[in-house]
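Student: Please take these sequences and the hints and turn them into a complete structure.
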Amino acid sequence: MAEAAKSRSEAPAALPTWPDEIYRALKDAGVRQVAMVPDAGHSRLIRSFEADPETRVVTLTTEEEGVAMLAGAWLGGERGVLLLQSSGVGNCINMLSLPVICHMPLLMIVTMRGDWGEFNPWQIPMGQGTRPSLEAMGVIVNKVDEPDLVASTVQGAANLAFNTWKPVAVLIGQRVLGAKNFKELARK
Amino acid sequence: MTNPNALLHRRDVVNELLRDRADLLVIAGLGAPNWDVSAAGDHPNNFPLWGAMGAAAMIGLGLALAQPKRKVLVITGDGEMLMNIGSLATIAVEAPKNLTVAVLDNERFGETGMQKTPTASGVDLAAIATACGIRTSRIVRTMAEVTELRELAHAGRGTAFAQIKINPEALVFVMPPADGVILATRFRQSVLGDEALYN
Chain A
1 MAEAAKSRSE
11 APAALPTWPD
21 EIYRALKDAG
31 VRQVAMVPDA
41 GHSRLIRSFE
51 ADPETRVVTL
61 TTEEEGVAML
71 AGAWLGGERG
81 VLLLQSSGVG
91 NCINMLSLPV
101 ICHMPLLMIV
111 TMRGDWGEFN
121 PWQIPMGQGT
131 RPSLEAMGVI
141 VNKVDEPDLV
151 ASTVQGAANL
161 AFNTWKPVAV
171 LIGQRVLGAK
181 NFKELARK
Chain B
1 MTNPNALLHR
11 RDVVNELLRD
21 RADLLVIAGL
31 GAPNWDVSAA
41 GDHPNNFPLW
51 GAMGAAAMIG
61 LGLALAQPKR
71 KVLVITGDGE
81 MLMNIGSLAT
91 IAVEAPKNLT
101 VAVLDNERFG
111 ETGMQKTPTA
121 SGVDLAAIAT
131 ACGIRTSRIV
141 RTMAEVTELR
151 ELAHAGRGTA
161 FAQIKINPEA
171 LVFVMPPADG
181 VILATRFRQS
191 VLGDEALYN
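Residue numbers (the UniProt record's numbering), protein chains in the order written: chain A, 1 to 188; chain B, 1 to 199.
Just to be clear, a hint being listed does not mean it is correct.
Stated by the list, open to error - Listing some non-contacts, in silico: residues in chain B with all C-beta distances to chain A over 12 angstroms:
(1) A6
(2) Q115
(3) K116
(4) S121
(5) V174
Unchecked claim - Coverage of chain B stretches by chain A, computed from C-beta distances (three or more under 8 angstroms per stretch; other residues unrestricted):
(6) 61-69
(7) 79-91
(8) 185-195
Since the hints were derived computationally from the structure, they do not count as laboratory data.
Quick caveat, the model's predicted, so the values are computed rather than measured.
For glycine and all other residues, C-beta sits at the position ideal for the given N, C-alpha and C.
Tutor: So, in structure tokens, the structure goes:
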């Protein structure tokens with residue numbers, strides 16, 4: 001009885017639907033190449049792309065490789081997306097010269113750390129530096145903190161990137177992703 | 001008399017790689033490889049880099065995946081390759097048949113005063129590529145081997161990597177257009193047709 005009651009009260013909330021929605025939005029935008037360094041927040045989206053025979057998922061050793069790869073994709077007539085964590089934005093900075101100076105579309109979907117509810121102090125510098133770094137390089141930044149608005153933000157960013165040939169980053173905040181609690185993890 | 005131990009001349013190497021280039025697509029890394037590729041003849045199917053150090057091989061990967069029927073040749077330098085040496089792991093895993101990466105290895109950072117790169121101390125890029133899983137990976141020291149490499153690049157039967165040992169000579173700059181929009185647009189128009197000018 002007690003066990004059953006406990007499991008009911010701790011039953012997880014329904015899975016968020018935004019990863020599936022942004023998968024659809026990216027498919028509708030014609031994305032064929034998915035370059036990524038994994039993040040937990042992107043895991044569901046990555047699985048969707050991996051199961052899709054029309055998309056090529058490329059695991060990078062560092063995020064800047066993806067900026068260059070998607071420039072090559074664009075030169076060859078394919079559209080792509082770069083999936084990364086905010087810490088990886090820092091790895092991309094000089095490479096962003098390429099889409100900026102060549103007027104190439106680049107769509108980056110960045111899951112945030114060092115943002116709302118962060119527990120790990122080492123995530124703060126790059127998390128707080130993510131938007132200003134991107135903007136300093138000439139990347140258009142759209143942040144989203146509401147699960148219901150993620151898909152439309154990605155859709156708008158894809159249109160902006162591919163119709164105006166600009167680098168655009170969507171930052172998905174920790175309010176959407178949920179913040180890890182390391183103290184709780186350490187107790188388990 | 002030709003000294004069999006003499007280092008290759010970079011422009012001879014690039015002229016041979018691009019001889020009868022047909023519809024080969026060429027990415028040139030920043031600095032001297034850009035000038036070498038341009039010296040062999042400016043061409044809309046060249047995408048020569050003026051910055052974004054470390055980009056060349058990965059641009060080649062994205063292009064090779066997008067255009068599987070075309071052959072893609074990346075010509076870059078040892079310093080440029082080393083800056084994103086991890087991209088050899090990424091490329092090895094994807095293994096596009098139509099991608100060749102040719103590194104002109106003068107063991108120097110040529111644009112900045114000929115300072116030594118790690119290859120001058122023995123770092124073996126071809127062995128790194130092999131260890132990553134690029135089976136067709138070699139060090140090239142003769143023009144006959146350059147010709148073989150050219151044939152590999154044109155055949156497109158598997159990802160290939162070459163570390164071509166060249167003379168650390170400083171040559172006159174032969175520059176392509178510097179504007180990225182011109183370079184990207186003419187490349188896309190050449191590869192994709194006039195459609196590329198529209199969204």
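Student: Using C-beta distances, would you say chain A covers the region 185-195 of chain B, given that this needs three or more residues below 8 angstroms?
Tutor: holds (count 4)
Student: Would the non-interface assignment of B:K116 survive a Cβ cutoff of 12 angstroms against chain A?
Tutor: The claim stands: B:K116 keeps its Cβ more than 12 angstroms from every Cβ of chain A (closest is about 23 angstroms).
Student: Please verify that the nearest CB of chain A lies beyond 12 angstroms from B:Q115's CB.
Tutor: holds, 19 angstroms
Student: Does B:A6 sit more than 12 angstroms from chain A, CB to CB?
Tutor: Given a closest Cβ separation of 34 angstroms, the condition holds.
Student: Please verify that the nearest CB of chain A lies beyond 12 angstroms from B:S121's CB.
Tutor: Correct as stated: the minimum Cβ-Cβ distance to chain A is 23 angstroms, above 12 angstroms.
Student: For the region 79-91 of chain B, count the residues whose Cβ lies under 8 angstroms from any Cβ of chain A; is that count three or more?
Tutor: Holds: 5 residues of the region 79-91 of chain B have a Cβ under 8 angstroms from chain A.
Student: Could you check that no beta carbon of chain A comes within 12 angstroms of the beta carbon of B:V174?
Tutor: holds, 21 angstroms
Student: With a C-beta cutoff of 8 angstroms, work out whether three or more residues of the region 61-69 of chain B approach chain A closely enough for the coverage to hold.
Tutor: holds (count 7)
The structure shown violates none of the earlier numbered hints.
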